[in-house]
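Asks: The residues making up each chain are set out below.
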Amino acid sequence: MRNVTWADRDVRACLAAVKRGKPFVYGLTNYVAANLSANVLLAVGAGPAIGAAPGWPSAFAAGAGAMWINAAALMSSGPETLIEAARSADAAGTPWVLDPVAMGAGAAAYDDIIRQLLGFHPTVIRGNASELIALAGGAGGGKGVETTAGSDEAIAFITDFAKATGSIIAVSGAVDYVTDGTDILAVPGGDVRLTQVTGAGCSLGALIAALLAANETKLIATCAAHAIYAVAAERAAGARGMGAFAAALVDELSLLDGEEK
Amino acid sequence: MRNVTWADRDVRACLAAVKRGKPFVYGLTNYVAANLSANVLLAVGAGPAIGAAPGWPSAFAAGAGAMWINAAALMSSGPETLIEAARSADAAGTPWVLDPVAMGAGAAAYDDIIRQLLGFHPTVIRGNASELIALAGGAGGGKGVETTAGSDEAIAFITDFAKATGSIIAVSGAVDYVTDGTDILAVPGGDVRLTQVTGAGCSLGALIAALLAANETKLIATCAAHAIYAVAAERAAGARGMGAFAAALVDELSLLDGEEK
Amino acid sequence: MRNVTWADRDVRACLAAVKRGKPFVYGLTNYVAANLSANVLLAVGAGPAIGAAPGWPSAFAAGAGAMWINAAALMSSGPETLIEAARSADAAGTPWVLDPVAMGAGAAAYDDIIRQLLGFHPTVIRGNASELIALAGGAGGGKGVETTAGSDEAIAFITDFAKATGSIIAVSGAVDYVTDGTDILAVPGGDVRLTQVTGAGCSLGALIAALLAANETKLIATCAAHAIYAVAAERAAGARGMGAFAAALVDELSLLDGEEK
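Residue numbers (my numbering), protein chains in the order written: chain A, 63 to 323; chain B, 63 to 323; chain C, 63 to 323.
Because the hints were derived from the structure by calculation, they are not lab data. If you're wondering where the values come from, they're calculated on a predicted model, not measured in any experiment. There's no promise every hint is true.
What the hints assert, rightly or not - Sample of chain C residues facing chain B (criterion: CB under 8 Å; computed from the structure): (1) A78; (2) Y93; (3) A96; (4) A114; (5) G117; (6) I175; (7) E314.
Glycine is no exception: its CB is placed at the ideal position from the N, C-alpha and C atoms.
Just chain A, with the same shape it has in the complex (with noise of 0.2 Å):
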């Protein structure tokens, strides 16, 4: 299994591919995540636009470069719009993430919707390592949104999932993993508080949609989202606290530059 961090060339060439296209990034998330995915975005480069107002979700899945879905944008529209949506994309080509957040912690008739938007080919699913072994059948049930199962732990789950699906399957931990089905590869590094700043892993969703729409392999677009928020998380690490570290995360990946070493 092969690293994938900062340091490596195609990382950063896919950075700079975002910062030079400037990709429209569409997405429906949750309002708790919200703020903080979009400023990742535009920390990038990126163009955000989330929300379900009346006629986004068809509009701007077909237009945009790529599109996420966090799955508690529920709490703001209703399953139909997040089906519409991700049918857009589908439909369009627009290659998308789906983030089951909180699949499996006991709320059957949401878990259920999760279930449904698998059926439009996400070219991405992410999540931590509870959520996904529960999208994947198997019994990984977490505490609200925090996870009770390590990321190593899920590595068997998501290669079979990935074949499964034809997605790429990506799981946040300590290390994280990301697979097609058939490659695996690490991406360590990071900051414990990135799973103590709210949204943080929901705008880690929002980061690979940005990279894959600037980049055409699908692969290590995503590892290089996750090699590009590990190693801003570890120069924001000197942050005082929890409230000054979100701001840092920002700040680093806006002063993040895709040439550099």
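Given the coordinates of chain A, work out where chains B and C should sit on it, guided by the hints.
Replies: For chains B and C alone, coordinates are given in the frame of chain A:
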């Protein structure tokens, strides 16, 4: 009337219990305050989930260690959703906090829904003086979400109101007062900027829920939340302006150690 | 064309009036920008309430000192809610700001609702060049919420549009322009990062409302909001990256004194 502050061993023990127990705390709140509320909870070690995705209100209200309902959640969810969550918490014995934000500010339909929530036995009701006086049936209407009455004007009202409802009542102001109808405790300190950062009051409701989740003695747990918030605000007082203050408040909350003096 | 900046006594007097009057300002906006918008208002001394809880749109639009409607509020509320608020403000004589964010970006159903809001006589219409050109009937469609036209390209359009609507029209860009159809004023300055922090443009709509609430001369009040934002952004320009910039912008707004030079 006894003062309660961070100097009290009981207060620090209450925080230590949250850090040890890492309770799952569920909230229905408004999207203006949701991000800060989640970060306040993460800062003290609790695990938040916010919002009314399908199935969440009943499942999470029953399964959480505690819950809070900020009435302005009605800007995203219908009354039946808030009532479902309150009913579920009440039936499951989940302690819960009611924050009647903007009660009495002029929207009768909104005020009526808050009065309905009273029927589900909130463990704690918290707000500013205008809101609580209005909820207790007095003429205390505020200006939007701002209070026009001082916290000391609310003492008689809240004591009677605690007796009538069986809830602990907590009023925020220059000095905070907390009563179960028999004992009344004062929590001094804090910083005026707590009223100048959006969602800071709302997030105190979330913090109270976290303290209730991890501690049996509800009156002291409620006081502890106020005292913890006050000391964090005082330590954040060196922030340059209101923007830095919000981040510094979360920083200081995340740095508080339940064991320290 | 005259330049208006923070150096103008009129601008500082407009801010001083907000700080003295502490107006209640009501807004319907999107949940991505809501938190920053509320903090911008609190920073200058106004008292915000945001969102469409039951009864709020009619009661608060009529009772507020001013109101703003950001069209992307449609991601949380139905068209009838925005129309109710606009009708109520118009009937009560409450000055109000319309921000047609993402107008012309490709969602016809959304654009139609914005055109309906024009019927309720907004005091000010603010946006970027793409949005305003699209709203004025030109071919100015942007890319999501980003503009693809410069503010100078909008001058002819906005002058005619001000005459046609009777509204003050304000376009944001490298230089901001504000016109009532007769006079046109330029507000230079600011910082490019105002376009790189989510909700910064949306929050300017809120700030204009605060200035309208406290000042009779609507054209200079609208210019003052732009000039205040510009000087705060310039003073925040030393921020390390985009995360720190957002907090620094609020800091600097909170530190501006209406009396100072």
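Asks: Enumerate the violated hints, using their earlier numbering and listing them in ascending order.
Replies: 1 and 6
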